[in-house]
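Q: Next come the chains, spelled out residue by residue.
Protein chains: 4
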Amino acid sequence: MLSGIMATTQRIPVAILGATGTVGQKFIRLLEGHPLFQVHELVASPRNRGKRYLDAVHWHETVSMPDSVAEMVLKATDDPLESEVLFSGLDSSVADEAETAYASQGKLVISNAKNHRMDADVPLVIPEVNSDHLELLRVQKHTGGIITNSNCSTMFLAMALAPLHRRFGVTDVHVTTLQAVSGAGYPGVASMDILGNVVPYIADEEDKLETEAAKILGSLADQRIVPADFRVSAQCTRVPVADGHTEMVSLRFENKPDISEFKSVLREFTGPPQEHRLPSAPARPIHVLEQPDRPQPRADVYRENGMVTWVGRIRPCPVFDYRMVVLGHNTVRGAAGAAILNAEMAHALGYISQGLMR
Amino acid sequence: MLSGIMATTQRIPVAILGATGTVGQKFIRLLEGHPLFQVHELVASPRNRGKRYLDAVHWHETVSMPDSVAEMVLKATDDPLESEVLFSGLDSSVADEAETAYASQGKLVISNAKNHRMDADVPLVIPEVNSDHLELLRVQKHTGGIITNSNCSTMFLAMALAPLHRRFGVTDVHVTTLQAVSGAGYPGVASMDILGNVVPYIADEEDKLETEAAKILGSLADQRIVPADFRVSAQCTRVPVADGHTEMVSLRFENKPDISEFKSVLREFTGPPQEHRLPSAPARPIHVLEQPDRPQPRADVYRENGMVTWVGRIRPCPVFDYRMVVLGHNTVRGAAGAAILNAEMAHALGYISQGLMR
Amino acid sequence: MLSGIMATTQRIPVAILGATGTVGQKFIRLLEGHPLFQVHELVASPRNRGKRYLDAVHWHETVSMPDSVAEMVLKATDDPLESEVLFSGLDSSVADEAETAYASQGKLVISNAKNHRMDADVPLVIPEVNSDHLELLRVQKHTGGIITNSNCSTMFLAMALAPLHRRFGVTDVHVTTLQAVSGAGYPGVASMDILGNVVPYIADEEDKLETEAAKILGSLADQRIVPADFRVSAQCTRVPVADGHTEMVSLRFENKPDISEFKSVLREFTGPPQEHRLPSAPARPIHVLEQPDRPQPRADVYRENGMVTWVGRIRPCPVFDYRMVVLGHNTVRGAAGAAILNAEMAHALGYISQGLMR
Amino acid sequence: MLSGIMATTQRIPVAILGATGTVGQKFIRLLEGHPLFQVHELVASPRNRGKRYLDAVHWHETVSMPDSVAEMVLKATDDPLESEVLFSGLDSSVADEAETAYASQGKLVISNAKNHRMDADVPLVIPEVNSDHLELLRVQKHTGGIITNSNCSTMFLAMALAPLHRRFGVTDVHVTTLQAVSGAGYPGVASMDILGNVVPYIADEEDKLETEAAKILGSLADQRIVPADFRVSAQCTRVPVADGHTEMVSLRFENKPDISEFKSVLREFTGPPQEHRLPSAPARPIHVLEQPDRPQPRADVYRENGMVTWVGRIRPCPVFDYRMVVLGHNTVRGAAGAAILNAEMAHALGYISQGLMR
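Protein chains in written order, with the working numbering: chain A, 1173 to 1530; chain B, 1173 to 1530; chain C, 1173 to 1530; chain D, 1173 to 1530.
For reference, chain A alone in the conformation it holds in the complex:
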């Protein structure tokens, strides 16, 4: 990690797009005291332009709002920005246009929105898995650039698949998710729909799980991504949980490992964020639990700063080869924390200095 002095003198000013939303608030919380990046501008919808952040936001985080942002005056998504690096927690209904516009002005947009994830020239990155895909920035059509992270459910699935696929060749993936309400933003899910209930459907979510993992685990060839060719079946449900997506996963392999290989490959997995000791990188991206009833959202999701993928209940499957339970914090490692780690990775690889460097 950078020393305190470097952090103080060299922090890169950044803007938060969608600063009043739930992901925007998480960006602010996670960037408080960050050694590389300093929140310099807050951007929201035009109707909040000119308001103090304090007055415009319905603050949901369970820590106090940092003093450094409380009095900041909000800009709007069509205002010019001073920062060269923008973290986007914009809603998908406005992200497409706003992110394209800023990228065309030369900004580097680190986005959590879904809109550009599947664009052929936009890297969809989990830095432990495919930080080489950042090379797409060199051929991206924008003057600046857009880097995206995956959907919150895809994040933990792709992370757990990565070391297994590379070593043993995954051919089939079957996943049922039990997702937290914080994934739907605010106000999001109505309490009458979810208190004491399960909703076995989340609009568009299954498509994302069935397509994004293949891009992330795909290979870069001739500056294009060739997707991984496993098949994914996803069924998504919403459950009355605040934070944490639980995923029940079954897998079939080209070369079926034995169970100890399966576990050790997950346990030993590390990647560039760990090698570069990035500030937000967990020491180990995947933790394997041996207790029969874990992982659980309330018990595990806040541990390790919410940046870890938890895997448990690894066992054979009568229909596939293996089953496991995967869990992660959907608004930290699955959203704002993912974007911040992407930015740290891009910085470590030389794509960012004060702004974007191609």
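Derived by calculation from the structure, the hints in this document are not laboratory data. The reader is advised that the hints may include incorrect statements.
Because identical chains share one entry, a pair is satisfied inside a single copy or across any pair of copies.
What the hints assert, rightly or not - Think about it this way: if two alpha-carbon atoms lie no more than 30 Å apart in a straight line, the pair counts; the simulated DSSO-like pairs of lysine-lysine are: (1) K1380 / K1428; (2) K1435 / K1380; (3) K1435 / K1223.
Got chain A sorted already, so can you dock chains B, C and D onto it with the hints?
A: For chains B, C and D alone, kept in the frame of chain A given last:
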């Protein structure tokens, strides 16, 4: 249904084993005003022997306790009983011995306990599906008899599989359950474990799902059951829901139907309980919902007296042939209601008059 | 109750204003098979005009939608109506204007909205308590008329206060409510705000509790209501409960009863709806529970068709005279069921024949 | 705070009584890295004697178990201990005997159990409020000593009352609590009792609220406590919240302050823990919130390390003088954190060196 006069004059006296437990309470509620059976004795553990039911029970049902049972004096599981037909909601820790003892004394035990379900000479029955298995009673080693119903999760899976398997030949079943806390009895799941949480494990539950459905859908040959030969993979989770088990199911077939055949076979399914117009039988055992976000426990599980299996989100699967969401009321059709329907079926087929008739 | 034939031949056609809302849906559910009233028209906002009810509504009731309404074509709140009796579940943002307009056209509006409750010439009625206040209809400024029921929290407080106040003279009331989310309509309370949480504030709710009870328990003199002169302090909270408002009440009396008088006055309380055997009237409006931990929403609120006020934990208070816990079903007896009982009372007292009779 | 070197060289070895319980686990979590105290022994019931902590505990904390305790071998409550300072999270069923025995052996027991709180010679301490009561240790009958903290609900009520009572003289207190399930230990409240429900009763809790606050706010005279003479009426409910007790409080004063005085007296309140800069002391013990819908358990209870009392909705009352909403973290400031702060206070005042000093 029997006429009012017959019901009044000919109701068969029955005992409830495990009368203070959650399933026992549900038996009492569902048998209140039943045209065939009348609660005559209540049986609980020896420490409650001699107490009034009112004083011994922690009543959980959301209707008032019937006056007819409030003042009944509890017997113990080692007391002799007057009734010839016994409904057992005993905990599995005591069911084995007590049920065997009563059956040896000539009683007909209609049991919800897991202990004898997989015994070779004990019928494991869903009357819409395999009422012919009741013939095992004729060769059962006991003087009386034991009839069992399935585990609560298996009930809805096996019900939905039955018409599909018979018509199209199911080869592989993959199911992830999201189960209600009422399935664990009382006190059962601690609130600290489940409030705002998911527990991705229920002891012994997956084994039941992986074995019971094959027995139920098996065929009777030479007075033995030949299990169906599909493979089942089950992953069970507990969610903060009061009543209703939701099951995310994927299927592969020998002869893949098209989607309209799949739905119509489910919609049109009926069986002997419907033909015999049994008092507790739903008009149609399976209801197919077309709304994208249904079935849901809170919205659907109390409809149709809790005796129906709800199926929704029928759609193709990239890995299997089809996916669907299955839901049912775990303590009604999945437990006490299942046992009562078994008893009604046995009665209609001539196995019960005042007591057991072979 | 009317005989089946009378019901069939003489049912009064009624309209439901706000038919797609949560109260409107409850009206439809409770009026299904009603012996006096038959749903003839459904009225919603202009944007739904001309749609089938089935297509416009997000149905929340846990019973199936009655076939009799599914295909009805929605009218809008500015359309002329054929029915002379209108049940209003309109949101307060539109109720003022719409109800006034219909009442001016000669319709009788039985309203659950808050807007006209405190109007000097509008009766605010709990028929067990102040059905005599219906006489205000004779002097009301509208050609037709408006009858209102109280706020959902006030209902159970005023019901429990009524027999105590009349007999012993209440001087001070202190109430803290724990209110269900269904009281806020749909989508209402966001799940992120209430899952595993308490919100110690409900906008405008405390004012209603502090004023409405005094009007209901007031006396009619010279065709005006003289409010009761006790003081009320109300603190309202929202809790993660689906249905049922729990109220912790402390009372001081002019003539302090002993505890057995306190209980018997509540237990023996009946009023005109019981005398007239109105179809929706409970046999006894107040039930006193003796178990130390009751009443509870999940255990009690659905009993007795949701039309009863439950009172428990009656005991002395070191600061006031007595304390008690009061509970009721907020959308049944606290809303739609209250309005229907008001209409039944008005009919029994001769205010309604086919339409309104002064 | 002590420098790192002092902390390392001078940490006082302590034992945790009831180490496997929920309060015991919280002691372990809060003492991890504590500058004054080091966990040296773990004590549980005799049936766990000799087991590794890791194997005996059902760990509930949402952080990983400290390595320093995982392998510790459990002692039993009748074993001799090496530590001179014992933190007791014992269940009240065993605390009485065990704590008395250890205190008789010369140990200083810092107890969260209810058993000795009201003993005339045992200090019941909130260090911001009545650290002078620790002088009772000098006359306590035990060779060692027992210091207790209050019941979890009393803690926040007494804290908020303290500055108000001293300045304006409180005469009447009316409190309704909405308490979290973690206050009942593990397994504690059954999920079937509390999911989507309210239980308007907690055994013995109201008595504690009605008596403990008067002792804490009492004055020390002739080495005896003269209790404060206000009257308290408490009604306690359990709600489906994980952590955080919410209390709706109404107050009457001898000298009624105006509302700005009321708020400023709370805001400015500090005590000896703040003066001594005790390691676990919050900078300000009471935080006043101005938002209309705060404090809320999920939003506020984890802020400021869970050691703060939150007060909001301060407003006049039609029956009393003022009303307010009080909130605190029941297992941190309301239990383990309270005991630790008591120990820090005792140490700062010279009652502890390595062990107990009278």
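Q: For each hint, tell me whether it holds in the structure or not.
A: Here is how each hint holds up against the structure:
1. K1380 / K1428: Classified as both: same-chain Cα gap 26 Å, cross-chain 26 Å, threshold 30 Å.
2. K1435 / K1380: Classified as both; 27 Å inside a copy, 26 Å across copies.
3. K1435 / K1223: between (51 Å within a copy, 28 Å between copies)
Consistency note: the structure conflicts with none of the earlier hints.
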